[in-house]
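Here the structure of chain B is known, so what remains is to put chain A in place on it, guided by the hints.
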Amino acid sequence: EVQLVQSGAEVKKPGEPLKISCKVSGYRFTNNWIGWVRQIPGKGLEWMGAIYPDDSDTRYSPSFQGQVTISADKSIDIAYLQWRSVKPSDTAMYYCTRLFQGRASMRFWYFDLWGRGTLVTVSS
Amino acid sequence: QSVLTQPPSVSGIPGQRVTISCSGSSSNIETNIVNWYQQFSGPAPKLIIYDINQRPSGVPGRFSGSKSGTSASLAISGLQSEDEADYYCETWDDSLNAWVFGGGTKLTVL
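Here the protein sequences line up with chains B and A, keeping their order. Following this note's numbering, the numbering of the first sequence begins with 1 at its first residue and continues without gaps. Following this note's numbering, the numbering of the second sequence begins with 1 at its first residue and continues without gaps.
These aren't lab readings, by the way, just hints derived from the structure by calculation. Built from N, CA and C at the ideal position, the CB exists for glycine as well. Some hints here could point you the wrong way.
What the hints assert, rightly or not - Derived Cβ-Cβ restraints for the label pairs, each shown as a range:
1. A:Q54 x B:V11: 37 to 45 Å
2. A:G78 x B:K74: 39 to 47 Å
3. A:G69 x B:P17: 39 to 47 Å
4. B:P41 x A:P7: 15 to 23 Å
5. A:S21 x B:P14: 36 to 44 Å
6. B:Q65 x A:Q54: 27 to 35 Å
7. A:T108 x B:P17: 39 to 47 Å
8. B:P41 x A:E82: 18 to 26 Å
9. B:K23 x A:P43: 16 to 24 Å
10. B:Q3 x A:R62: 40 to 48 Å
11. A:G78 x B:P14: 30 to 38 Å
12. A:S68 x B:R103: 16 to 24 Å
13. A:G15 x B:E16: 48 to 56 Å
14. B:G66 x A:Q1: 19 to 27 Å
Chain B extracted, bound-state conformation (with noise of 0.2 Å):
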């Protein structure tokens, strides 16, 4: 069966590292770019970024680029989203996702699984 499965919710203080993570399986981990999208509670769907796993190229959306950092360990078949110092405002569930890529242009290509979530949480 193929499954997102991620890693289980966090609280968190202001100025903290956190690291989440989604373990992949069912499926070869390096044949997929993995996407992460974040949604605030009560809001709607943000794209985050997206990594390809074979050769770890990134890219992130213009609203999250310099917040977050995306990354993969392909031994292991694990993609993960990472702060550096998190804030209050980084409160919100975040999705990994596959995608699916029908075409050679990005434009061609869509979210057809997810993961269950990582809700965060960041208060003092």
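What follows is chain A alone, placed relative to chain B:
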């Protein structure tokens, strides 16, 4: 403020046909495919329409998508109570070089 504009809410009665609109621009919807996701309270989003009007395996034929110019629509016919959820459109934006989502539409089945 989302790049793609959706109505915050729509409603309908069982058996009715409802549509959810998604308005964009020449840098996104007009030139790229549009995809739609369904999200019930709590769980992760689920892809229900891809490439404007294609349905993944297991998605009922009651769901359909279309696109015209800078707008796209999701139609749900034969509305059922289990369709009550939030729906999001999504596409690639050539100016931002990013995937963008609509703000979401809450569908209520009366």
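Tested hints:
1. A:Q54 x B:V11: 37 to 45 Å: 40 Å, holds
2. A:G78 x B:K74: 39 to 47 Å: 45 Å, holds
3. A:G69 x B:P17: 39 to 47 Å: 46 Å, holds
4. B:P41 x A:P7: 15 to 23 Å: 21 Å, holds
5. A:S21 x B:P14: 36 to 44 Å: The hint (36 to 44 Å, Cβ to Cβ) holds, given that S21 of chain A and P14 of chain B are roughly 39 Å apart.
6. B:Q65 x A:Q54: 27 to 35 Å: 31 Å, holds
7. A:T108 x B:P17: 39 to 47 Å: Cβ of T108 of chain A to Cβ of P17 of chain B: about 41 Å, so the range 39 to 47 Å holds.
8. B:P41 x A:E82: 18 to 26 Å: Check passed, 24 Å falls within 18 to 26 Å.
9. B:K23 x A:P43: 16 to 24 Å: Since the Cβ atoms of K23 of chain B and P43 of chain A sit about 18 Å apart, the hinted range of 16 to 24 Å holds.
10. B:Q3 x A:R62: 40 to 48 Å: Roughly 28 Å apart at Cβ, these two residues miss the hinted range, so it is violated.
11. A:G78 x B:P14: 30 to 38 Å: 49 Å, violated
12. A:S68 x B:R103: 16 to 24 Å: 22 Å, holds
13. A:G15 x B:E16: 48 to 56 Å: Holds, at about 52 Å.
14. B:G66 x A:Q1: 19 to 27 Å: 21 Å, holds
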